[in-house]
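Q: So you can see what is in the structure, the chains are spelled out below.
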Amino acid sequence: MEIFVQQLINGLTLGSIYGLIAIGYTMVFGIIGMVNFAHGDVFMLSAFIALIFFLILTTWLGISSVVLALFFVLIIAMVLTSLWGWAIERIAYRPLRGSFRLAPLISAIGVSIFLSNFVQVAQGARNKPTPPMIGDVIVLFQGASGYNVALSYKQIIIMVTTAVLLSIFWYLVQKTSLGRAQRACEQDRKMAALLGINVDRTISLTFVIGAALAAVAGTMYLLYYGVVSFSDGFVPGVKAFTAAVLGGIGSLPGAVLGGLIIGLIETFWSAYFSIEYKDVAAFSILAIVLIFMPSGILGRPEVEKV
Amino acid sequence: MNAPSITTSSAQSPAGTTRFDLAAAVKDSAKAALITLGLSIPILAYKTDQSGADLFLTPRWGLVAIFCAIVFGLRLALHAFTASRSYRKALPDPHQATEAVHAEPSAYQKVSKFGIPFFLGIALTFPILIYLIQGGLNESRYWVDLGILILTYVMLGWGLNIVVGLAGLLDLGYVAFYAVGAYSYALLSTTFGLSFWICLPLAGILAAFWGMILGFPVLRLRGDYLAIVTLAFGEIIRLVLINWVDLTNGGAGISSIPRATFFGLPFTAGEGGFAATFGLEFNGMHRMIFLYYLILALALLTNFVTMRLRKLPVGRAWEALREDEIACRSLGINTTNTKLTAFAIGAMFGGFAGSFFAVRQGFVSPESFNFLESAIILAIVVMGGMGSQIGVAIAAIVLVGGPEILRNLTFLQAVFGSGFDPNEYRLLIFGMGMVAMMVWRPRGLISEREPSVILKERKAISGSLVKEGHG
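In order, the protein sequence lines correspond to chains A and B.
Counted from 1, the first sequence has number 226 at position 226 by the UniProt record's numbering; the numbering is strictly sequential.
Counted from 1, the second sequence has number 330 at position 330 by the UniProt record's numbering; the numbering is strictly sequential.
Derived from the structure by calculation, the hints contain no laboratory data.
Any given hint could turn out to be false.
[To be verified] One-sided and incomplete, this derived list gives chain B residues near chain A with beta-carbon spacing under 10 Å:
id	residue
1	Thr36
2	Ile41
3	Leu120
4	Gly121
5	Ala123
6	Leu124
7	Pro127
8	Leu172
9	Phe209
10	Met212
11	Leu214
12	Asn243
13	Asp246
14	Val382
15	Glu424
16	Val435
We put the beta carbon where it would ideally sit given N, CA and C, even for glycine.
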């Protein structure tokens, strides 16, 4: 029972990170129908940006409050990662609209390879550990066998930040003119353009928002694990994509729901079955969902028009 | 993705003959340089180095300045180039749409007329040429080894080309079949003592079998889902190879795999070996040269089978499937079976290449079969022009051999510093190359859709006339 509660907490923390990344996949898929394969590497890049700015702020500028430093790091990482997201869309995806159907995916794979190796060449291949940031925990209750169920401050920060940013983002998509333009482009791009929506700008903004949320996930990942390497984009990227597919690709609440489910499955699998096969479990879920339930939990079934 | 994109580009002035506007170009280039600056902060500007347990930062603003200057210069050059080109384009073209379309020998036909016999000749005589140039068997070891490596990738590229280039199925887990082939040979030879020549077809059959098992459930998915699921299967197979320690010995891999024999004659120094039987002086290079010709034969077999298959109904169905799946289905082609044959045959050649890999190395471990390997093979196929056999071969030579040759150029080390290793930058360039290829020449450097059947004379096919990227 204690183990179960503890794993639930861990799973929800991990799941909120996956959910944040999954939104980037699902939004891009919704609006231009492509799998942005490079999104996982954008996430990894943002973790590096956060790491470097954390070091600058704490060691050079001498900010001693970790929470304050994290706040600044989060904002800077969101801005700079958004710039990357924008540039990637502008250079690698925009010229391919109207090209043959596999072209954007191949281009995205190219961007993914480029990004991970760019970081490898620029920052070196070794794992980068951060100084331990926040180590305090709250003991929720003590089990009979002496097993403490603990909720760490890190986990609280991650879940609260995720919830706050998701509600801001939800407001943005549901209530603002940008969100309306985005949903219009999602339904019919040509018609939206005829009605005076700047389609290019809307798509760019979609990438910018996706990258900003990936930057939040990257900062949280760094805070949670305290270590990052150039190859860390691939597996979380695939898992977040699995989350997006499981929740129903194109659906925003679905992405968050899928992220939480994947996070829970992963932690429970590691706790009760075998930790070696946890990635196999995630990859198998991806295959099974795509084969048997391609429209996901909250997605609309896809209709092919000729 | 069928809807034509609506662009709101304001750069195209209707006349197109405006003179080169220097001020605007400089402004735009400055903007590009500024964006580069933003992108380089902080990944390029600060390097994290580790001393003990602590990380510290090393500033590198000089590097950022160089990058911004390069982007500024390139952007300016691009502006000048497009301005001069649009000026030339505005002049009336004397041949414009007045003549009937006729089939001029295209770049592909020019290359294939002289290029294919030339390349084949080089490939067949490569060890002899190297022997003559280097002046000895032992001196030519490095080059023959490089030749084997390149040919392995040529073969893998040709195998994947069946799946990606002909049938239009993006397979991101091709390396799984390479792994199946390698482990089949490794396990069959170490546990049952079977020889390479029995294991080779078995490895191909097993890989094809796995291709069918994996392919059957996923082949009704649409293109990009299929790609992701094949990626997932590739990773699952690698993770199982790592974790199933009883069978595969886990991450440590399987070593002491029996070496190749010359149809039963081992390449050993003693009595009954290859050298003794043919009355030669023993040299380790005999085995290398044998391996070279073995992989050459396997690669040529792949090519030959592919070229013949293209002319069979199933091959034509593949290409039809690549162009338009819905049209195929309405014409009564069983798309699942067609895809499955492409998948299985591609996997079979991957399996052959895998068992060759195992016999060459004498050692297999899961680390040789990660996603990057799949990505390299895919990059070879994409940059060679999906569907073009000679293009894939050239791409493999350039992409695999290129970094090796660059490494030996000593003046590059004088420019970039003594620790310069082009192999580090190889994947960086592959990634950029894949993007550039999709943006500028989506059909590859040698973009040609060869008709598989010709009636009387060669004519331009519609594929050569439509805009690139539509089809």
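Q: Which hint numbers does the structure go against, in order from smallest to largest?
A: 3, 4, 5, 6, 7, 9, 10 and 13
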